[in-house]
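> Can you make the complete structure from the sequences, with help from the hints?
These protein sequence lines map, in sequence, to chains H and A.
Under the working numbering, the first sequence has 230 at position 230, and the numbering climbs by one with no breaks.
Under the working numbering, the second sequence has 1030 at position 30, and the numbering climbs by one with no breaks.
Certain hints may be false.
[Unchecked claim] Between beta-carbon pairs, the in silico distance windows are: (1) H:A341 x A:T1156: 54 to 60 Å; (2) A:N1157 x H:P311: 26 to 32 Å; (3) H:P122 x A:Q1029: 15 to 21 Å; (4) H:K292 x A:E1136: 44 to 50 Å; (5) H:N397 x A:Q1029: 43 to 49 Å; (6) H:P543 x A:L1143: 25 to 31 Å; (7) H:C289 x A:Q1029: 24 to 30 Å; (8) H:P311 x A:R1139: 40 to 46 Å; (9) H:K292 x A:G1021: 31 to 37 Å.
[Unchecked claim] In silico DSS-like links for lysine-lysine, alpha-carbon gap of 25 Å or less: (10) A:K1066 x H:K321; (11) H:K321 x H:K228; (12) H:K65 x A:K1066; (13) H:K141 x A:K1066; (14) H:K292 x H:K374; (15) H:K374 x H:K65; (16) H:K65 x H:K141; (17) H:K184 x A:K1066; (18) H:K165 x H:K141; (19) A:K1066 x H:K308; (20) H:K165 x H:K3; (21) H:K141 x H:K2; (22) H:K308 x H:K2; (23) H:K376 x H:K292; (24) H:K321 x H:K184.
These aren't lab readings, by the way, just hints derived from the structure by calculation.
Glycine included, C-beta positions come from ideal geometry on N, C-alpha and C.
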Amino acid sequence: MKKTGARMVVEALAIEGVKCVYGIPGGSVIPLYDALYDAPFAHILMRHEQAAAHAADGYARASGKPGVCICTSGPGFTNILTGLATAFMDSVPLVAISGQVATRLIGTDAFQESDTFGSSLPAVKHSFLVRSVEELPSALKGAFEIAVSGRPGPVLVDLPVDIQKAEGEFIYPEHTLYGNGRLKMQTDLSRADEAAALLRGAERPVILAGGGILSSGASAFLLRLAEKCGIPVATTLMGKGAFPEDHPLSLGMAGMHGTPWANLALSEADVLFAVGTRFSDRTTGRLDCFAKDAAVIHGDIDEAEFDKIVPCRVHLLGDAKAILGTVTEELGECSRGEWAATVERWKEEYPLSDPGSADFVPSSVLESVRAEAKDKWPVVADVGQNQMWTALFYRTNEPGTFFTSGGLGTMGYALPAAMGASLARNRTPVLCFAGDGGFLMNCQELETCARYGIPVKIFVLNNGALGMVRQWQELFWNERYSGTTPLSPCRFAALAEALGVPGHTCTSMVELEGLLPDMLATPGPALVDCRIPREELILPMVPAGAALKDFLYRVKV
Amino acid sequence: MERTIGVVTEEGRGVFSRISGLMERRGFQVRGVTAGATQRPGMARYTLVIGGDERQAGQAVRQIRKMVETVTVEDLSAGGCVERCMMLLKFAPSPEEREALFEVMKGYPHSVSEDRGSSLIFEMMGPGVLLDDCLENVRGLGLVESVKSGPLALGTN
Ligand SMILES: Cc1ncc(C[n+]2csc(CCOP(=O)(O)OP(=O)(O)O)c2C)c(N)n1
Ligand SMILES: [Mg+2]
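Written out as structure tokens, the structure reads:
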């Protein structure tokens, strides 16, 4: 039976098991929206295409399946591009479907035409421009295959409006179109014995766990390796959750705002086993001091990451489960008392916060929310100080419960991503921590949250400043607060109420603690404007360009 | 230092922009590039000359390999290769220059593709460095314009 291109899209998404898609209609996707009208999955009408992409991204991170977003041509696409770039940097599988002007108008500067294919190229894993309805089924199948294969990433399908209307035979390819060969999915663990020998002989070994562990689902393998051989584990920001942060072997997060122990351990290590990480500059600090006495073993699924930043002694190419599993097999049990004692000493020497502080400061806010929330509730952090406070003070014990825009650092990510994460997990409550600046970058999605009753619990860590930039100005730019400390009249609680979300304001721990139980137990979204002091810094901090061991550290008095 | 990279891809939309965008974005210096057909229908071959050493060539190869359309990609400089560029040279020489020109050209493989007496065009094929060398030696001899192509290259093993 013949079908229109638009129907083919809906059927393909259904076959791929998509539970919900995020988007905004427009002139060049009206046929597609007509087909979505009776689709067997949900369409969530967002209020900005960037948010649609972030919602699909949150959905993907929380479900492990590709998130799908839909936009119209021209401005719809340019809006979505930030979301694609965000997903690309963090290796998140997305399939974005953009409407395009009719094929005969492409290249004529038609209304709402943009060079979608061309401008997407640096921000996606792959792009398709579909030129005929016959190509459509394989483009859709290919998009889903490419998005999840190997190192995941976003794929764009640009779909001219006439092809959505055109009819053709719909045969969705059952076999794989691309397969491991065409997607160059190789595994090379031939040097696992060398890696094991290095680890066996190490006196001060450290594992650095990146986001690859989470996308591979390799956390259990990581735990086994670490415990079997008594190796402390630091994570990157993207790897947060790959290893339980309450575990005695956990060093927490490393990097610019990492824990002192993680950064010191990396600096002193004699063998570093880095898995599923690309050695971001925010993780390594000054490169020539990074793990400078260590033999580095790098395990990754993307061979283009080998020797890109850090030259390594041993490369292990493959899925993180296979890498960790194989190395673990090669190793016997062992423990390293002296190294463990050193790490323990650092932990005592450099506590992160003074516990039980009654001040209304981020660490206390985060700790009390954590005490009230369930461990399995996903936490989504926006970008800025709020992100790093959340990463440090909201300890994560379960894989797949912490999401943030790591690579691109996209302000405005948290709210829409939290919505996607909640929908991916059967509307489980999701905690969203954002700054006052970043929250205003996608605050229109409060309305979407309210409309669908999505239980996102929003904590605006409101310091009345673009705090992270303000912090750099305080520390490195002679306290010249250019463009960072607006006198904002914004009343976030009223904003939330106006868009249909219950809003609250807190200025003390007592108030917050009084509010929390009810706020978290009530179905649906809610927002608290937490008025924290502007002067609060995120510490420790490794200044840009400094070595990890040279972190700034101060205990509050 | 320069390295020559050979890429065989499936023919497809945007492959060339993808390769050039990738090289540009990651800061590789592309000094020469050609695109052409191969003996296999539906397969295209790109040859890139990039500035850099073996390590950078390895990086470029691994980045290009990730492209969905890439079938094979190799650093041809590693295992040895035959590499050829083409060059066309147009002259409007005086009678004395003309004589000197033919004298110089004897040292290089070439043929005369067009000769109108007052102006003439030579065509040449050879390793890029040889063509560059030739160009340097004919500069004073009524040279009007010249064009050198990017390289074609095939690995020897
Ligand atoms: C879209 C975008 N624009 C600008 C920046 C640069 N930037 C990084 S952190 C930051 C300040 C964020 O302020 P806020 O959201 O209030 O968070 P805070 O640091 O105060 O917790 C800015 C402007 C960014 N990361 N993303
Ligand atoms: Mg702020």
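> Does each hint fit the structure? Answer for all of them.
Results for each hint:
Separation of H:A341 from A:T1156 is about 58 Å and conforms to the stated range, judged on CB atoms against 54 to 60 Å. The hint said 26 to 32 Å for the Cβ distance between A:N1157 and H:P311, and at roughly 28 Å that hint holds. Range check, H:P122 to A:Q1029: Cβ separation about 18 Å, and the 15 to 21 Å hint holds. For H:K292 and A:E1136, the Cβ-Cβ distance of about 46 Å falls inside the hinted range of 44 to 50 Å, so the restraint holds.
In this structure, H:N397 and A:Q1029 meet the distance hint of 43 to 49 Å, their C-beta atoms being roughly 47 Å apart. Between H:P543 and A:L1143, the C-beta spacing of about 56 Å breaks the proposed range 25 to 31 Å. Checked against the hint of 24 to 30 Å, the pair H:C289 and A:Q1029 passes, with Cβ atoms roughly 29 Å apart. Restraint check, H:P311 to A:R1139: a C-beta distance of roughly 44 Å satisfies the suggested window 40 to 46 Å.
For H:K292 and A:G1021, the hinted distance range of 31 to 37 Å is satisfied, since their beta carbons lie about 35 Å from each other. With a CA separation close to 21 Å, the supplied pair A:K1066 and H:K321 stays within the 25 Å bound. Pair hint H:K321 plus H:K228 holds up; C-alpha atoms about 16 Å apart against a cutoff of 25 Å. As the CA atoms of H:K65 and A:K1066 are separated by approximately 21 Å, the hinted pair is consistent with the 25 Å bound.
Between H:K141 and A:K1066, the direct Cα distance comes to roughly 19 Å. Compliance with the 25 Å bound is thereby established for this hinted pair. About 40 Å separates the Cα atoms of H:K292 and H:K374, which puts this hinted pair outside 25 Å; it is violated. Among the hinted pairs, H:K374 with H:K65 is consistent with the structure: their alpha-carbon atoms are about 24 Å apart, no more than 25 Å. As the CA atoms of H:K65 and H:K141 are separated by approximately 14 Å, the hinted pair is consistent with the 25 Å bound.
With a CA separation close to 7 Å, the supplied pair H:K184 and A:K1066 stays within the 25 Å bound. Proximity of H:K165 to H:K141 is assessed by CA-CA distance (about 19 Å); at most 25 Å being required, the pair is judged to hold. About 15 Å separates the Cα atoms of A:K1066 and H:K308, which keeps this hinted pair within 25 Å; it holds. For the proposed pair H:K165 and H:K3, the alpha carbon gap of about 9 Å is at most 25 Å, so the pair holds.
Note on H:K141 and H:K2: the hinted pairing holds, with a Cα-Cα distance of about 18 Å set against a maximum of 25 Å. Restraint check for H:K308 and H:K2: not satisfied, since their Cα atoms lie roughly 49 Å apart, outside the 25 Å limit. For the hint linking H:K376 to H:K292, the alpha-carbon distance of about 37 Å lies beyond 25 Å, and the restraint is violated. Restraint check for H:K321 and H:K184: the C-alpha separation of about 18 Å stays at or below 25 Å, so the hint holds.
Hints 6, 14, 22, 23, counting from the list given before, are not met by this structure.
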